[in-house]
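*Asks:* Chain by chain, the residues run as shown.
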Amino acid sequence: MFEAIVSASTLGDALDSVSVLVDECKIRLNEDGLAIRAVDPANVGMVDLELDAGAFESYEADGGVIGVNLARLEDIAGMASADDLVHLELDEETRKLHIQMDGLSYTLALIDPDSIRQEPDIPDLDLAAEIVVEGAQLGRGITAADMVSDHIRLRVDPDAAAFFVEAQGDTDDVDLELGAGDLIDLTPGTADSLFSLDYLKDMNKAIPADAEVTVELGEEFPVKLHYELAEGMGKVTYMLAPRIQSD
Amino acid sequence: MFEAIVSASTLGDALDSVSVLVDECKIRLNEDGLAIRAVDPANVGMVDLELDAGAFESYEADGGVIGVNLARLEDIAGMASADDLVHLELDEETRKLHIQMDGLSYTLALIDPDSIRQEPDIPDLDLAAEIVVEGAQLGRGITAADMVSDHIRLRVDPDAAAFFVEAQGDTDDVDLELGAGDLIDLTPGTADSLFSLDYLKDMNKAIPADAEVTVELGEEFPVKLHYELAEGMGKVTYMLAPRIQSD
Amino acid sequence: MFEAIVSASTLGDALDSVSVLVDECKIRLNEDGLAIRAVDPANVGMVDLELDAGAFESYEADGGVIGVNLARLEDIAGMASADDLVHLELDEETRKLHIQMDGLSYTLALIDPDSIRQEPDIPDLDLAAEIVVEGAQLGRGITAADMVSDHIRLRVDPDAAAFFVEAQGDTDDVDLELGAGDLIDLTPGTADSLFSLDYLKDMNKAIPADAEVTVELGEEFPVKLHYELAEGMGKVTYMLAPRIQSD
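Residue numbers (numbering that gives the first Met the number 0), protein chains in the order written: chain A, 0 to 246; chain B, 0 to 246; chain C, 0 to 246.
Take the hints with a grain of salt, since some may be wrong.
Where chains are identical, the list cannot tell them apart; a pair therefore holds if satisfied intra-copy or between any two copies.
Stated by the list, open to error - Below, computed lysine to aspartate or glutamate pairings styled on DMTMM-like, alpha-carbon distance capped at 20 Å:
1. K25 with E49
2. K95 with D171
3. K204 with D39
4. K25 with D74
5. K200 with D61
6. K95 with D172
7. K25 with D51
8. K95 with D169
9. K234 with D51
10. K25 with D171
11. K95 with E59
12. K95 with D74
13. K200 with E176
In short, the hints are calculated from the structure, not lab data.
Isolated chain A (complex conformation) (with noise of 0.2 Å):
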């Protein structure tokens, strides 16, 4: 069983988190709160958002699975005001799931969990920076970078203390530099990676201008990016594959 009410902000922003890399995905509904786990199509990106069941105004579960069309459930939150109550319930026989706000009713035929890409496993990785930034100040970088390349390039002087935001085009070059009063935190180590843009826009689409984002990185190796949302109720974990190189 399952049946939650949730503002339809923190609903709205929880989807908005996993549907920049995937269309549909299974969302778990265990005792203790919501769990998506997703990767795109091309095994680039990944996802893994937690909803606790504090971030709801009331919640009540027992562990199943179900697979959602996620364009589909964001139209439907996206009818209510921000601060309006949106009511989940799922119909175990049907398959369906119940969605109400305001007098307004939607059935939501759900997917086949089965016919949904296999959630990913993400690995614990020692990245040896830790950066902390304003989402708004990495999507700065992000922009900057896309005005002259489809790549982007992090990484963390330990000597300056100092993060870098780089892209490097055919002819320009872009260089954001975010030093210790720029940053949040920075927790110095070596760590130089270069991403694929599109992704990180994509994910940064998500990320609320004035989140915290914690940034992990290494040496050629997977970064990765958390945020929390819902007052701390709800945590974003996003882990970006590396791209090589090239000199």
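Based on the hints, put chains B and C in the right spot on chain A.
*Replies:* This is chains B and C only, laid out in the frame that chain A set:
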């Protein structure tokens, strides 16, 4: 003869109510106000607009008929700020309409009224139920229905004293229930009809969100929608033919 | 050498005035300020921009010429907030322009000035009439004219002491009369010329709505439009060739 002065917002609202259905129309320049009746090319949706002389700052006419291109006339009215006054004057000899606002003059060539589709008779119908609802609520039901289907069902449940806006898609359903607390007024009666969503979406575009819309509804019968313009000095009636309900 | 600091809004306004006509241009880095002159590929519209050293927070140059891609430079300036300061520095050896703002560095490859269309000579013309008008009023006439025609007629009636913006379409006409009360100033004279609306629309995009635009107008002669940037420390002049009036 015809000469009138009207606020740009009143003129714009009046024209919008007709232009959602047709591109050209006849305007009857009656002594006591303007009147437009039009039916869309497929004979499914009709509009009847009356704008009393009292909706104008000044109004003088003696009963002629002119044919106009609505998009053109809307564009011109759109050049003014909402509070600006628009001066309209018919040149009988050249068959042109002179439109003036704050130094700007526009000379609009009229269309031969005989070349425009005939004005429809809007039948008197004895419809069992009458619902009075805010434009915004109706719009909400239409937007939600549009997520799942091309058709929309409007229904009154006399026992529940409620108005239902419903749509049935291939996999998903939508259902908006508006009870006594959500409606301005309800005269219950047996009423249940299906309509093309395209037409209702177009009509809804012209209906202000804060308008009181009176919905007259029957059993597999056309629906009539009424609302007022210009602080009651203007009246719009839409009539929309039903689709056959197949079960 | 060239090194300067300027507000992002001043830089953006200056670039916009040129980019509406051409994609690439030469920038003259004079000792007392920047200067750009450009003519569109069809030789119909010209622009002359002067941005005095006083429009900059700091300015140092010794007379070189650089070639730039305007869209690229505008995109970079657009990354800054209006009040941000942009630091520009020319690297003579690599022929690159270093652009910095709040931690973000952009290295812009320059274009060989010799590969850019030659700068036009903007002729001194003795035009009979001079009109000073708000950018917004001129824009209003241009928008209205665009509803009916591809051409726009600018005309002064010395007797009426009024400036006329007119357009004649196949069926409809537009006529904006700006009298003494609507104009900032008028030096009457015999002046009546026809112009391509496309060019005037582009120029109008760059002219701020609250700018005082000085229009110099003659009889079947080019029109000159002047307005100021950066609180008078910048000056833009447009010149537009007339179209032949056929009667």
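*Asks:* Compare the structure with each hint and give your call.
*Replies:* These are the hints, each one checked on the structure:
1. K25 with E49: within (13 Å within a copy, 55 Å between copies)
2. K95 with D171: between (52 Å within a copy, 9 Å between copies)
3. K204 with D39: within (16 Å within a copy, 38 Å between copies)
4. K25 with D74: Cα proximity of K25 and D74: one copy only (18 Å, versus 40 Å across).
5. K200 with D61: For K200 and D61, neither the intra-copy (36 Å) nor the inter-copy (41 Å) Cα distance is at most 20 Å.
6. K95 with D172: between (51 Å within a copy, 10 Å between copies)
7. K25 with D51: within (16 Å within a copy, 59 Å between copies)
8. K95 with D169: between (51 Å within a copy, 13 Å between copies)
9. K234 with D51: Result: close within a single copy only, 9 Å intra versus 52 Å inter.
10. K25 with D171: Classified as between: cross-chain Cα gap 18 Å, same-chain 42 Å, threshold 20 Å.
11. K95 with E59: Intra 17 Å, inter 61 Å, cutoff 20 Å: intra-copy only.
12. K95 with D74: Answer is within: at 17 Å inside a copy they meet the 20 Å cutoff, but 47 Å across does not.
13. K200 with E176: within (19 Å within a copy, 40 Å between copies)
Checked against the numbered hints given earlier, the structure breaks only hint 5 and satisfies all the rest.
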